[in-house]
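Residues per chain are reported as follows:
There are 2 protein chains.
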Amino acid sequence: MPPKTAIQPTRSEDFPEWYQQVIKAADLAENSETRGCMVIKPWGYGIWEQIQQQLDQRFKRTGVQNAYFPLLIPLSYLEKEAEHAEGFATECAVVTHHRLEAHKDEETGKTKMIPTGELAEPYVIRPTSETIIGAAFSRWVQSYRDLPLLINQWANVMRWEMRPRLFLRTAEFLWQEGHTAHETKEEAVEETRMIHRLYEEFLRDNLAIPVIPGEKTENERFPGADMTLTVEAMVQDKKAIQAGTSHYLAQNFSKAQDISFTGREGKIEHAHTTSWGVSTRLIGTLIMAHSDDDGLVCPPRVATQQIVIIPVTPKADTRDAVLDACEALAETLRGHRFHNEPLRVHVDSRDIPGKKWEWVKKGAPIRIEIGPRDLESRKVCLQRRDQASNEKAFVDKEEFIQNVTDILQDIHDNLLSAATSFRDENIAECADLEAFHKHWEQDNPGWLLTPWAGSSDQEDVLSKEHKITVRCLPLDKQDEAEAPCLVTGEPTKARALWGRSY
Amino acid sequence: MPPKTAIQPTRSEDFPEWYQQVIKAADLAENSETRGCMVIKPWGYGIWEQIQQQLDQRFKRTGVQNAYFPLLIPLSYLEKEAEHAEGFATECAVVTHHRLEAHKDEETGKTKMIPTGELAEPYVIRPTSETIIGAAFSRWVQSYRDLPLLINQWANVMRWEMRPRLFLRTAEFLWQEGHTAHETKEEAVEETRMIHRLYEEFLRDNLAIPVIPGEKTENERFPGADMTLTVEAMVQDKKAIQAGTSHYLAQNFSKAQDISFTGREGKIEHAHTTSWGVSTRLIGTLIMAHSDDDGLVCPPRVATQQIVIIPVTPKADTRDAVLDACEALAETLRGHRFHNEPLRVHVDSRDIPGKKWEWVKKGAPIRIEIGPRDLESRKVCLQRRDQASNEKAFVDKEEFIQNVTDILQDIHDNLLSAATSFRDENIAECADLEAFHKHWEQDNPGWLLTPWAGSSDQEDVLSKEHKITVRCLPLDKQDEAEAPCLVTGEPTKARALWGRSY
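Line by line, the protein sequences give chains F and L. Here UniProt numbering is used: position 268 in the first sequence is 268, and no number is missing along the way. Here UniProt numbering is used: position 62 in the second sequence is 62, and no number is missing along the way.
Just so you know, not all the hints are guaranteed correct.
Heads up, the list lumps identical chains together, so a pair's fine if it works in one copy or across two of them.
List of simulated lysine-lysine pairs, PhoX-like, C-alpha gap at most 20 angstroms [to be verified]:
{"hint": "1", "residue 1": "K464", "residue 2": "K477"}
{"hint": "2", "residue 1": "K255", "residue 2": "K267"}
{"hint": "3", "residue 1": "K4", "residue 2": "K24"}
{"hint": "4", "residue 1": "K80", "residue 2": "K110"}
{"hint": "5", "residue 1": "K4", "residue 2": "K267"}
{"hint": "6", "residue 1": "K238", "residue 2": "K438"}
{"hint": "7", "residue 1": "K239", "residue 2": "K80"}
{"hint": "8", "residue 1": "K356", "residue 2": "K467"}
{"hint": "9", "residue 1": "K477", "residue 2": "K493"}
{"hint": "10", "residue 1": "K397", "residue 2": "K110"}
{"hint": "11", "residue 1": "K255", "residue 2": "K110"}
{"hint": "12", "residue 1": "K185", "residue 2": "K267"}
{"hint": "13", "residue 1": "K60", "residue 2": "K4"}
{"hint": "14", "residue 1": "K185", "residue 2": "K112"}
{"hint": "15", "residue 1": "K477", "residue 2": "K110"}
{"hint": "16", "residue 1": "K80", "residue 2": "K104"}
{"hint": "17", "residue 1": "K238", "residue 2": "K467"}
{"hint": "18", "residue 1": "K104", "residue 2": "K238"}
{"hint": "19", "residue 1": "K112", "residue 2": "K255"}
{"hint": "20", "residue 1": "K397", "residue 2": "K379"}
{"hint": "21", "residue 1": "K80", "residue 2": "K267"}
Bear in mind the hints are in silico, worked out from the structure with no lab data behind them. Values in this document were obtained by computation on a predicted structure and should not be read as measured data.
Chain F on its own, in the form it takes in the complex (with noise of 0.2 angstroms):
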């Protein structure tokens, strides 16, 4: 028999499974009434405000500004860019009345509310903003000395969801849409690479996910984009998940909504636009790249709490003792700061049993307990997510303060060398459509790796054949040996990377 786990299915029984049940233990989410939507709970919501100021500040300093935009985007905004429309139509949540009026139901004597003042022109909650601020764009750029205009909204989105996934596929999520607006092809394209860099950072640095920057191909674009470039990551169950995405939307939309300018030989000019965005899927992803079969395990830059404290108090006379060093500690943690912010350090002084294993299921990075006797010796029992859980170091306090953020660094670095070893494991290259074909077969089958010069029809069949698609065209497998291409047999230098997805 393998030991028990705190989580139920483990992943290996059940990945799909288990990851509901991590999110359940974890505190981080739940369904809600509302069709495919989610609440975000206080510890889940945490992360997403990490992440959020982390990822803002890194925007800031390429020189974007935060705006804000209608929710409700006219029918006819909408009809301007037709592959787009077309690209969302399926999943618009329509606004089509403006009040309610009161029906009170004779039999029952309840009061139901039925919806009146149909509007003239319906609007679609946004399910992406290119539109909306495509037509204030057009109001703000009159010469090119109004460009580059580098904007970025913080906001909610709708898609109707057939098959919602808590973080990964929700109806409403959050998301930041960066929309952006150059003079030249060569400037709008620059930033959409930019900005794709940053997000390989940002997920590699900040949520210790190693992902594989790579190009769209056609049949994986974005509505209304002439390049899309992603991020993939690789999660336990050897699925992909599109973690962020940069879109060069050349001069499709800027054409569509007028967003024109005076250029410096006077003549009019449209602008070159991008797009780009992460949303709330990224706490999907991290918790699927990382978490154990006891419980989330939460990368330390953006965990709500990095530190949790619990002080054990057997006993009535010594518990104010252990009380008061549990919060001093606290308090001077609290002064340190780890990627320059302050150490989030909370002390669990509730008197409930279970509340140790609480925090290993939640994927509190550090905890620690003091107990009556740690008083004396000056030490701390220190237990780290990413080692075993029952795995435990007393050590000195003091020592402790002092590294407490090379511990931190180090459970990151641990985080992301374990996910890279994962991925690298489970990339394979095949040069052979019958290799090819065999390898999804297998259960959980790793990504595949292979020459490719196909025609989008051919991508297409294969795609649907094996359930699977081209995650992208590795960034740093386009220049390789020529190979002949796996459908076409035609010697090719590019490679496109395969594999299943949420």
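Chain L: place on chain F using the hints.
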């Protein structure tokens, strides 16, 4: 002829139009094509980011945690609390469909998107979230040990306003809504009052706005509340703005939504709940409270940029040296902290005419000019937005750096003291119904404080006759010397504060 002002019309000529023009000149926000909804531009959104961050810190210090709840509320939730539903029914945006279908118009050849996929149960976009957060609370609260539950949400909400006005009254606005549940009435009332004091302090200490804290009469209460506390600000046309409210909801919502728990005695009890909020309306309030005929005057703690440095570069050969000096000064200043936040400093090195006036209109608290001669003299030209727009002081650069945070605090103090004097000069006491009627015949009448023991109906009659409302029963005026009520003649210790409002 009075001197020409940057804003036309002036405050005394046409206050509402002056307000629109300040928003435009300061580039804070603009109307969008979505009915009644605004675009908040970077210079305005920056103020909101400061408000958010500073309020959030205050909330968290009281034990409040952030979370996020669905945008869409099932109609059935609204129906549970009849008074609440009725209060918001006339201004609800209703989602009735979840897809669009493209239809090609045979005549024009254009594609039109038509709503389809009708929902069995429509949703409203939250006008406020008592009902949907209450549904979550009913799942979360089981025992008295789960209480108090202290939750806040930063979100967008929607109320279909018929006469929108930027920041003050828009169909969509941004806000925070706190929702708490408590074991006893006493605890819930104390939470309501504590947050009320927090709002008063925040407005005074962060926005330089003095408010009158008080209780709303029954006529003016939040739909579904037993007690509504408000902070009322007077702006420069002597109208009132309700800047924030805190509601004691008794067991009204907890009974409608079954937020019940096993109490200390083992019996099932219903929680006592509160809710409280402030919104982007605060930005409208600070504009109307402090700005002048040259544009925005922004209180320093929430200014998007607190200091703008303007290089004066008349000659090419000293241009680089001046720019370098400006950047160096900015870097030095950014190392200083004002109320524990690094100073926000911008260098405007654009080569365009009129940029000095732009920063007057945008309300930057401190403007610094540095020109070639200042390099040798080691002086800077200092201009403060709380002083006349042409007032300049040449001060020693090192001295300025030493004093910069004191200057910012002094600007704050001056704004607060001017607003306080203005308000106090414009609140009159009135004990006589004839004088009361006469008062409201004036242009821009101030507020009136009157002895009050009237009924809701009597209040209603006076309100309608003069287009006024009881802004509040000021907390510190409910135990005055007995005086006869304005309408009933009955002796009363209570006082009501009347005024016109936005």
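Taking the hints in turn, this is what the structure says about them:
1. For the identical chains of this complex, K464 and K477 are neighbours neither inside a copy (24 angstroms) nor across copies (74 angstroms), given an alpha-carbon limit of 20 angstroms.
2. In the homo-oligomer, the alpha carbons of K255 and K267 lie at most 20 angstroms apart inside one protomer (15 angstroms), although the nearest pairing across protomers, at 67 angstroms, exceeds that limit.
3. In the homo-oligomer, the alpha carbons of K4 and K24 lie at most 20 angstroms apart inside one protomer (18 angstroms), although the nearest pairing across protomers, at 64 angstroms, exceeds that limit.
4. Proximity of K80 to K110 under the C-alpha cut-off of 20 angstroms is restricted to the inter-copy arrangement: shortest distance 9 angstroms between copies versus 44 angstroms within a copy.
5. In this assembly of identical chains, the alpha carbons of K4 and K267 never lie at most 20 angstroms apart, being 72 angstroms within a copy and 36 angstroms across copies at closest.
6. Taking the shortest alpha-carbon separations for K238 and K438, only the intra-copy value of 17 angstroms comes in at or below 20 angstroms, while the best inter-copy value is 79 angstroms.
7. Neither within a single protomer nor between protomers do K239 and K80 lie at most 20 angstroms apart by alpha-carbon distance, with minima of 36 angstroms and 43 angstroms respectively.
8. Neither within a single protomer nor between protomers do K356 and K467 lie at most 20 angstroms apart by alpha-carbon distance, with minima of 42 angstroms and 61 angstroms respectively.
9. Only within a single protomer do K477 and K493 lie at most 20 angstroms apart by alpha-carbon distance; the minimum there is 8 angstroms, versus 82 angstroms between protomers.
10. Taking CA atoms no more than 20 angstroms apart as the test, K397 paired with K110 passes in neither setting, with 64 angstroms inside one copy and 73 angstroms between copies.
11. In the homo-oligomer, the alpha carbons of K255 and K110 lie at most 20 angstroms apart only across protomers (16 angstroms), although the nearest pairing inside one protomer, at 53 angstroms, exceeds that limit.
12. Taking identical chains as interchangeable, the C-alpha atoms of K185 and K267 lie at most 20 angstroms apart only when both belong to the same chain, with a minimum of 16 angstroms there against 69 angstroms between chains.
13. With identical chains, the CA atoms of K60 and K4 are never at most 20 angstroms apart, being 47 angstroms at best within one copy and 37 angstroms at best between copies.
14. Neither within a single protomer nor between protomers do K185 and K112 lie at most 20 angstroms apart by alpha-carbon distance, with minima of 55 angstroms and 31 angstroms respectively.
15. Taking CA atoms no more than 20 angstroms apart as the test, K477 paired with K110 passes in neither setting, with 65 angstroms inside one copy and 43 angstroms between copies.
16. With identical chains, the CA atoms of K80 and K104 are at most 20 angstroms apart between copies only, with a shortest distance of 13 angstroms across copies and 43 angstroms within one.
17. In this homomeric assembly, K238 and K467 come within 20 angstroms of each other (Cα to Cα) only inside a single copy, at 14 angstroms, whereas the closest approach across copies is 67 angstroms.
18. Taking CA atoms no more than 20 angstroms apart as the test, K104 paired with K238 passes in neither setting, with 55 angstroms inside one copy and 43 angstroms between copies.
19. Taking the shortest Cα distances, K112 and K255 sit within 20 angstroms of each other only across copies (19 angstroms), while inside one copy they are farther apart (46 angstroms).
20. With identical chains, the CA atoms of K397 and K379 are at most 20 angstroms apart within one copy only, with a shortest distance of 5 angstroms there and 51 angstroms across copies.
21. In this assembly of identical chains, the alpha carbons of K80 and K267 never lie at most 20 angstroms apart, being 24 angstroms within a copy and 61 angstroms across copies at closest.
Hint check: violations occur at hints 1, 5, 7, 8, 10, 13, 14, 15, 18, 21; the rest are consistent with the structure.
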